[in-house]
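Chains as they are written, first to last, in the numbering used here: chain A, 1 to 404; chain B, 1001 to 1404; chain C, 2001 to 2325; chain D, 3001 to 3325.
Source of the hints: derived by calculation from the structure; they are not laboratory data. Bear in mind that the values here come from a model prediction, so they are computed numbers and not experimental data. Note that beta-carbon positions come from the ideal geometry of N, C-alpha and C, so glycine has one too. Do not rely on the hints blindly, as some may be mistaken.
[As the list claims (entries may be wrong)] One side only, chain A facing chain B, incomplete, derived with CB under 10 Å:
id	residue
1	L23
2	G228
3	D242
4	I253
5	A265
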Amino acid sequence: MTNPQNVSLNVTQALEFIDPSALDIPTVSLLDENGHLVKDAVEPNIDKETALKIYKTMRFIRALDERMQAAQRQGRVSFYMQCLGEEGAVTASAAALKDDDMIMAQYREQAALRYRGFSLEQFMNQMFSNEKDLGKGRQMPIHYGSKELHYMTISSPLGTQIPQATGYAYSQKIPHINAENGELSSEINNITLCYFGEGAASEGDFHAGLNMAAVLKAPVIFFARNNGYAISTPADEQFAGDGIASRGVGYGIKTIRVDGADALAVYAATQKARQFSVETGEPVLVESIAYRLGAHSTSDDPTGYRSKEEESTNTKCPIQRFKGYLLTKGWLDEAEDNAQDEALREQILDAVKVAEKVAKPPIEDLVSDVYDTPIPLLEKQLEALKAHVKAHPDAYPTTAGRIK
Amino acid sequence: MTNPQNVSLNVTQALEFIDPSALDIPTVSLLDENGHLVKDAVEPNIDKETALKIYKTMRFIRALDERMQAAQRQGRVSFYMQCLGEEGAVTASAAALKDDDMIMAQYREQAALRYRGFSLEQFMNQMFSNEKDLGKGRQMPIHYGSKELHYMTISSPLGTQIPQATGYAYSQKIPHINAENGELSSEINNITLCYFGEGAASEGDFHAGLNMAAVLKAPVIFFARNNGYAISTPADEQFAGDGIASRGVGYGIKTIRVDGADALAVYAATQKARQFSVETGEPVLVESIAYRLGAHSTSDDPTGYRSKEEESTNTKCPIQRFKGYLLTKGWLDEAEDNAQDEALREQILDAVKVAEKVAKPPIEDLVSDVYDTPIPLLEKQLEALKAHVKAHPDAYPTTAGRIK
Amino acid sequence: MAQMNMLQAINSALDISMSEHPLACIFGEDVGYFGGVFRATSGLQEKYGKHRVFNTPLTEQGILGFANGLAAAGAPAIAEIQFADYIFPAFDQIVNESAKFRYRSGNEFNVGKLTIRTPYGGGIAGGLYHSQSPEAYFAHTPGLKLVVPRNAYQAKGLLRACIKDDNPVIFFEPKRLYRASIGDVPEDDFIIPIGKAEVVSEGSDITLLAWGAQMEIIEQAAEMAKEEGISCEVIDLRSIQPWDVETVAKSVTKTGRLLISHEAPVTCGFGAEIAATIQQECFLHLESPISRVCGLDTPYPLALEKEYIPDALKVLSAIKQSVQF
Amino acid sequence: MAQMNMLQAINSALDISMSEHPLACIFGEDVGYFGGVFRATSGLQEKYGKHRVFNTPLTEQGILGFANGLAAAGAPAIAEIQFADYIFPAFDQIVNESAKFRYRSGNEFNVGKLTIRTPYGGGIAGGLYHSQSPEAYFAHTPGLKLVVPRNAYQAKGLLRACIKDDNPVIFFEPKRLYRASIGDVPEDDFIIPIGKAEVVSEGSDITLLAWGAQMEIIEQAAEMAKEEGISCEVIDLRSIQPWDVETVAKSVTKTGRLLISHEAPVTCGFGAEIAATIQQECFLHLESPISRVCGLDTPYPLALEKEYIPDALKVLSAIKQSVQF
Ligand SMILES: Cc1ncc(C[n+]2csc(CCOP(=O)(O)OP(=O)(O)O)c2C)c(N)n1
Ligand SMILES: Cc1ncc(C[n+]2csc(CCOP(=O)(O)OP(=O)(O)O)c2C)c(N)n1
Ligand SMILES: [Mg+2]
Ligand SMILES: [Mg+2]
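Just need the whole structure built from these sequences, with the hints factored in.
Written out as structure tokens, the structure is:
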């Protein structure tokens, strides 16, 4: 009331610009390239089981990515996207959550879903859009989702999940609000974590989502994956500020930047963010810095827009680094690990072969789920379509044989 | 290339949040409440003529606002919006521009248009949507615009002018770019100034406009009018950061906050911003802090949402303050000033009486300007409508008599 | 029963809905303490708390993004867009997200609990940006339901149906009628089903079809036509998606003629869909071309609003043209 | 003349346009150095400089906002939206701003120099978000022009017309044909006027009408129908706004039958407008109901895309139904 414009109240006579370099945001790093704790670094609270699960998940995703990239080249799936270089950022952040916290991702975060327990078969069913796909074969490969695992189904339009995450998180907080005074009456059980790329952060939905979370106080962790590229567009053609983290201040959101190739640092930062969120009900912005080691997707070839030199100076591997940490800790048996990885690669190939033979969804799935129950118009359209397919079975081999 | 993520390169082991209070942005103030220069304040380069023009413009707008508010109460115009409390911010910022710089405003900036020379009659013609209105009577009162005066026609959807201002400014820069090296080859002739409220700054278009201006380097001054309210919504339910200025850093845009009730400070800040823009081709964000002294519009009654106490502690009048400055300077004859104001109030009433009697636009203006030339469909629709109106002249008195 | 205007009827439907579910939230620009620029949410923040009835920052895309997230979590999300003219910044969140949420996820997730309320329509000297009727933009989007009430009673019953419906629904409120439409409305809860048109008055020569505020106009035209000996069957479509082809087709089969009237520009308005469907359904029964009396293909004007709008006189001449075809 | 695919034809039209006006700019996501994800703008940054052919940040509303401003200043603004599915965040800037810029200002200002290019349509296993055909959303918006080419030749001539036209135009590029449609295209400048449909082949029993990639389908169906003794008149609408009622009505008056086919969902698609208009224009000449063979009223699917799309077989059966009515 004495401050209706909601601003700092200090006054100056000096006619000077605030310079964008006013904030010089550091990147939190705990492990060196070899996985050894850096001087002054404080190890977060992490147990062996969690550390190993993070590691196994990263290995799994690396193997899956390599195999599926190859499968796409062979024409077995139409499309694929690798997590290459960002496995640490994604896996360790997911690991710092409770398993029933909500995750709303962009698309390159298969590692988080795996960490939650999505099975190899489930990955395959989605990619082959067969009738076992939870998404009923309706979206392109890599658009996973699982209600059971609290992992929102991926949607291609970029940035849309950001304000949605704010809304989802807000619902998680409502039961903890004291209606009388509007204050938190208890620690919040679950929060929402929202992943997005530095490219998607240019969308208006980013602005809306972060501002609303700050104003309405929603317990959401905004996890920005700054990997340097949005398809071919480099980060310096995407924004002119200091990364994404520098925007946190403008929204009044607590912010932290972390080395995304350092799984331990990511784990520590996300843990801290989650703790803050459940206690205060407020959002946190985490920016992960990890280079996109691979192509944008199988439709892309980065040699058209970035240099060999750049690629050769940006090679940080989060898996190797975390492996070093585990070895130092004495938590990993390297031989066993290698054997498991070999076996895994076999399993993936086998799973491809199984999934590609599973039938496609039935014709009824063309019109189901548009509404909770098909409206009359859709029933009519389905009937007409069925009759047509039946009349021309050769032209529609996928469904013709199964129409009742 | 060594910094593909486009971020600060310093590293830390300390797991600490960047706190939103990291920036403590001061408000530039030059004149005290009585219009005397504050200690340490440096007077900007302003001549008597400009200072008087600023003052006269503010007086004009105050009188117009009062009269038109009353005219609305009498049912003579359907709608009105006052600039009350922000006359200094708007007039002085416009005064710091060249007359052929582009202005893209939100709606509460009639003072800028007046400063450019929009006549009393032109204001009236717009508000009475008569056939002399430059906008051909198509928009609600106060949606002014003038190509001649480089003042973009107001459009009601909030925030849309922000990225548009970036685009407009970019076009002003193109001729000054050296195609070989992409650098500026000369100082830029004209820039664009874009006004918007702290409420509109929540729109996605704000984010897009500022980010694009920073990345593409467009010579645009973003002039945020933080007046504490968006209709009934107070600034602390609009954003949680330190005003709008705190966002500048995140975009990498040079930023300055100024007391909007202090016309001299606004003039100085905008002058500095313009200078920077023409020299570098880059944007500047200016935030003006001035309370909305009046209602949002004639459709609004603030007693429903803000307290008498608040209103009584926020009463800064930019006109009184600047008058004090002029008197100290010996630039103003108070008696003459008062006489002129009296006369002006008469002129406004007369102008209302004239404008309300001017005919409405002809029926052809219903379909003109949808396209550069009416498409056949519209010609057909117009013919049918004319025939209908002719057949029922009593029902359409505005146009019936004039159809050829 | 009580006498209510449309705003009170809407407020009552919202009140019941808020009491029904502990997670239900109402939000939008100025809807909190102030109760909305039209006062439709008046008194609700006081009753249900600032955490369940609240102002949002000024961002329609944010309001709908937030609403989608809230609804996906199972909370009834009742979002207000201050004017339908300002729903377009939220178009992506509605058309690409709300409408496709259930389908794309195979029903792992859905936003069935989402209801969008928005005042729409002209006749209030609002010009381009306080007058639009954007229903047709959404009618082309499978996954959404669209509902428009014609009076206070309908507003309450239909809004309750929208909020309870397990699909995202846009509820268009004819703002011209907010205070003008007054009538008996039950204070208790009741529901008018979505997807059913209502034959408001029977007739034999021609079917007149409209929705929302335009109902008043066609009823007026029907009265005028009656004086000239033409018997009109008047239908309120009420629900635009899904729409009640059966009731309309049945009526047209009987009368042999159809006139559709809406405020939105004629080209590709929802009248086009109705005409296209009915010429198919009733081809052999049609005695004259299906007629559309709609807004011109221009932005919504101001000074010449009277000339622009599809008023009763225009409807009447189209009725006569159709009958005399 | 040279053999060009559609991408090359587009690139050539862009090249000519850039050389024509010193302020002309091409911009959008990835259109700069890389030349666009489909490579339509390939080589142009090198030729015209980074200040005139450039990447934007990833914000469609920003791209269109920027484009409106640039065009308002008199610079030919050629904006690319990477996929038509992602045009919705820009909906407000297009529908409330571009379309109404001239009207609301009384032509003090206009964005006639704006052209929006966007790849649209299905048939590429793209699922919900790389397949949409959103033309009808814009067809309901007075102030916009909408153009869709069916092959490489048309693409160049029509795109040149769009860029030269003094109104905001959306140019929908059928991405399925980008590399598939190859033909003779003049290397020099030429223009195909906006607003004129083209009778692609004459016939007497029924008129088939489509645009863009769907032309291939109806031509195929016409071939199949011919074998069954049915003579189809095939028309490419080319321009959806304004559309050539005269050419279509003339054809239907002759054939007595009309079939419209588009990929977008049938409800409130542009086929609805055509049907509504033509049943009016040709009421006494129609021998059977106007038929629409379009996408189902669902989001665009993936695994069952083949079942979903309005293919030649479906068009053929609708032709037969119409002729046998
Ligand atoms: C609204 C929207 N616009 C454009 C696209 C096309 N597109 C897909 S991914 C992508 C780049 C995203 O970059 P970033 O957010 O940095 O994520 P990253 O791929 O680096 O993980 C673009 C432009 C889209 N999917 N949605
Ligand atoms: C897109 C859009 N949403 C909502 C509105 C309705 N509206 C008109 S003015 C206003 C408040 C604007 O507040 P602010 O930007 O702070 O400007 P001020 O009125 O304080 O000058 C609102 C919500 C609108 N015009 N456009
Ligand atoms: Mg990226
Ligand atoms: Mg304000």
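We went through each hint and held it up to the structure:
1. Look at A:L23: its Cβ gets to within about 6 Å of chain B, closer than 10 Å, so that hint holds up.
2. With its C-beta approaching chain B no nearer than about 3 Å, A:G228 sits inside the 10 Å limit, and its interface hint holds.
3. Hint status for A:D242 relative to chain B: holds, with the closest Cβ pair at about 5 Å, below 10 Å.
4. The interface hint given for A:I253 is met, as the beta carbon of that residue sits about 7 Å from the closest beta carbon of chain B, less than 10 Å.
5. A distance limit of 10 Å between C-beta atoms decides the matter here; for A:A265 the minimum to chain B is near 8 Å, and the interface restraint holds.
No hint from the list above goes unmet by this structure.
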